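Peer 1: Note that my numbering numbers the sequence shown so that position 87 is 69, with each residue one more than the last.
A few of these clues could be false.
To be verified - Taking lysine-lysine pairs in the DSBU-like style, the calculated list, with each CA pair at most 30 Å apart, reads:
#1 Lys147 to Lys112
#2 Lys197 to Lys101
#3 Lys112 to Lys197
#4 Lys101 to Lys5
#5 Lys112 to Lys51
#6 Lys11 to Lys66
#7 Lys42 to Lys66
#8 Lys66 to Lys112
#9 Lys101 to Lys51
#10 Lys48 to Lys5
#11 Lys48 to Lys112
Unchecked claim - Ranges between beta-carbon positions, derived for each pair:
#12 Thr21 to Thr228: 38 to 44 Å
#13 His194 to Glu118: 19 to 25 Å
#14 Ala144 to Arg59: 23 to 29 Å
#15 Arg62 to Arg152: 47 to 53 Å
#16 Pro225 to Val29: 18 to 24 Å
#17 Pro53 to Leu8: 27 to 33 Å
It should be emphasised that the hints constitute simulated quantities derived from the structure, not laboratory data.
Please read these numbers as outputs of a predicted model, since none were measured by experiment.
Note that beta-carbon positions come from the ideal geometry of N, C-alpha and C, so glycine has one too.
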Amino acid sequence: MAADRRIPTALFGLGRIAWQLEKDPLRNKPCSHAGAMATVRSGRHGVFHITSICDHNTQKIRDFQKFWKQPITCAERDYRAVFKNAIPELAVIAVSAGSHTAIALHAIESGCRAIVLEKPMALSLSDARKIASAAERHNCQVRINFERRYHPGYVYVQRLIASQKFGELRAIRGRVLTGASFLPESSNAIPVGPLMHDAIHWIDLLLWYVGHPEKVSARMIPAKRIRRDLRIEDTAFVQFQYPEFTATLESGGR
-17 MAADRRIPTA
-7 LFGLGRIAWQ
3 LEKDPLRNKP
13 CSHAGAMATV
23 RSGRHGVFHI
33 TSICDHNTQK
43 IRDFQKFWKQ
53 PITCAERDYR
63 AVFKNAIPEL
73 AVIAVSAGSH
83 TAIALHAIES
93 GCRAIVLEKP
103 MALSLSDARK
113 IASAAERHNC
123 QVRINFERRY
133 HPGYVYVQRL
143 IASQKFGELR
153 AIRGRVLTGA
163 SFLPESSNAI
173 PVGPLMHDAI
183 HWIDLLLWYV
193 GHPEKVSARM
203 IPAKRIRRDL
213 RIEDTAFVQF
223 QYPEFTATLE
233 SGGR
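Put together the whole structure using the sequences plus the hints.
Peer 2: Next up, the structure:
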């Protein structure tokens, strides 16, 4: 029997971007991590082998097992238990943003060779630096999932800007209106506002299109209507100053 040359992969978090978006009839496919891994093939064989899955919600574990239809060696509710079973070569981390740092660091220090980490990388600059530093020490490849950079429509816009087909940029305005702050299912998870949950895609595209700004300023409107103790915003207004123009962003919309 030929050796299995597929990449042993662990999938952490079994929500929308992990696989559930594949059930949306209006979306182009693949549109999730599992969907993409099922699509990538080398000849007649798949490239990725999902050997481990992890989610605190046991129903999501059962639902994914029905969807995937292939044997999964390890299914756990605690991410640490996954690494006690076996060390995957690739860890795909699609949990809520507040858990990114802990799982990414554990995966790196356990010996994972590569990590695909959902956006945002972390909820603070210090945590992002911890991940980057650990990855460098352990020679682990870490990639943040900003998939819009690969969408033909956004690539076309980038080329238009670079070519100056319509002249020099004078201003950039963006609105990412989601209507509410994002609250994770688990009461123990750290919530995030719409700026970090959705509008961060817009910010990543801005950096790709025109580079880093000279100055950034912002005004946040707190999400008091949900829970007064949450330090997250319902709406954010952000201004990015460049030498020749200004980019403005409104996110949230409440």
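Peer 1: List in ascending order the numbers of the hints, as given earlier, that are violated by the structure.
Peer 2: Violated hints: 1, 5, 6, 11, 14, 16; rest satisfied.
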